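Mind docking chain B on chain A? Use the hints.
There are 2 protein chains.
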Amino acid sequence: MSSRKRCGCLELFHGNHITRHILLIGENMTSDNTQWKLIARPEGEAKRADFEVTSSPIPTPGPGEVLIKNLYMLVPPSMRLWMNEKESYFPPAALGEVMTGITLGVVTESDSSDLPVGTYVNGMGGWQLWSVALAASLQKLDPHPDIPLELYNTVLDVQGLTAYCGITDICDPKPGKTLVVSAAAGSVGSLACQIAKHRGSKVIGIAGGAEKCAWLVNECGIDAAIDYKSEDVAERLDALAPEGIDAIFENVGGEIMDACLERINDGAQIALCGLISSYNNDTTQRTSALMSLVNRGARLQGFLVKDYLHLHGAMLQELQPLVLDGTLKYQVDVLDGLDNTLEAMSRIYSGKNKGIQLIRINQE
Amino acid sequence: MSSRKRCGCLELFHGNHITRHILLIGENMTSDNTQWKLIARPEGEAKRADFEVTSSPIPTPGPGEVLIKNLYMLVPPSMRLWMNEKESYFPPAALGEVMTGITLGVVTESDSSDLPVGTYVNGMGGWQLWSVALAASLQKLDPHPDIPLELYNTVLDVQGLTAYCGITDICDPKPGKTLVVSAAAGSVGSLACQIAKHRGSKVIGIAGGAEKCAWLVNECGIDAAIDYKSEDVAERLDALAPEGIDAIFENVGGEIMDACLERINDGAQIALCGLISSYNNDTTQRTSALMSLVNRGARLQGFLVKDYLHLHGAMLQELQPLVLDGTLKYQVDVLDGLDNTLEAMSRIYSGKNKGIQLIRINQE
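Chains as they are written, first to last, in my numbering: chain A, 1 to 364; chain B, 1 to 364.
The following block holds chain A by itself, in its conformation from the complex (with noise of 0.2 Å):
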């Protein structure tokens, strides 16, 4: 590894739709493997002295095992709940070890044919600079030469997956049908809004901002969005959809799901796909608004990607070539390097973030 200078904050942009914040990494980064430690499980936002930041040898591979330089690293609005000392799906991180992070990276030693030096792979690295693990582990990617390697860890993983499968198997949508998606200008909802619209649906995505709003609308091409901050949800629905709500993709909970769920129609398919209002503070729903499922015959489904692996190759199948023929609008937010890690949460939770938070952990 070389040792490269650091050279103050950058911000660029690919076309609209990759934000980076690229540090130039200094000369304070060693050849040793920084990692961070889970040391307490955080009350409210995750602090810095929830962890201890510790320095160690960059590890050697075992039999079958590769040696990963982690590139990027995930911040899905749940890993606040990987945290807790309470079961997620995820195992909780536990206490002392390095923290759990959903990673990309590049093999750099291997112990393993299927993977040789060179492969990219996904895999669940962790807050660090490299990473030990089986090759049988880890996913190998074949990332397409003209697609940003981010979306390897985002529109194409994950995240695509995520609203792929709750867009298709849960809302299906199709033609005649409303479909509203809450945290819509966020990682997953933006994506689920494009498939359900591509897919001939009315959308109405509800996001916090007016720059949000207007680009959920002008660019990913919605029929209509709701700004939270500044707009009575309940009263707006109204106004947008007095067709009632057929199907709605739920991110948020709280407030803004009792305002759906009190709209919906007579067999309403609702894909529960997180609640993130939820993961800092527990918000509650009014138990009489969860009522209209039982009046309206609906259904609220709770769903994690883990189970719809079967249909990563029918995502990639349906976005890729929508993000080569620059149809599928994205926004992936790189914030450089881990020590940034909380400062994504907190972007999250506070709704600054645009799109996809990711963290660049190496320099390729």
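Zero decoy hints are in this set.
Where chain B lies over chain A, by a calculated footprint (3+ residues, C-beta under 8 Å):
| # | stretch |
| --- | --- |
| 1 | 84-98 |
| 2 | 267-281 |
| 3 | 293-304 |
Honestly, the hints are just simulated from the structure, not real lab data.
Values in this document were obtained by computation on a predicted structure and should not be read as measured data.
Note that beta-carbon positions come from the ideal geometry of N, C-alpha and C, so glycine has one too.
Same frame as chain A, now just chain B:
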């Protein structure tokens, strides 16, 4: 109609199934039609002042219509919701009109060859002694002579079908599965328990009071019951279902539902039948408890009996023999006279009712 004496309240037991609080209806009964009209939207529990009680001549059936002497009226927990301005699964009861009620009656005058005098019918007869309806709007009954008539307005009608479709179509009970039923001693819950048990599941009921719990275990034969009034529901669920919960038949909502949701297994099926805790007061759910639906890829499915009328025959085929041979335990709690309908509703909310609450409107 004969004038009958009011002789005070007599409590009779028919086996241990039907509790009848029988008034012999007295001389203040006239041949007029007594009607309870909703004149105000109740706040909290419905009160006498929310109704006007009027007396008018018994109506005459028009073309295609029949005159029905209303014999029984169901008092389901959801009856309170029909009084709200907001639509539930019925249109809201109109102010100034006879209050909505699901009744069983007998045809006493007929302009329909399909429903000759003496035919028993189910219909929406409302809170009144007599009603007139189009023959086509009524369900003709063929009651078995060895089965008490009350059951055709309860166990073998709405309540039985609700339990049957929620359990069989959504919860999908079978050996090896653990199923929880809330409001388990209630009108639908006790039938849900027994159908699930009959199909081989492990069944845990949640009910209020030691007597109800004993009845569920000793009479209905379920595996265990939790008394939410004296026990910690979450702790008891941990003890009784260390293997987790595979399906829930949910009637209550609020904290009890949260405790159940937090213990579901992957792919759990929750039949959302009602949310009684929210009918008088706006209770809440913890959004984080709903997160279990995501983490477990679980389904919260609201349903209405009206969407399952096609299973009515299948329900009768399964339940009628169980009634005749005494296998199916049920409790029908009959209060006498429309004057007691508000008391009947109050009994439900305070958990004083013993099973399905029915009002006897007229003597047969």
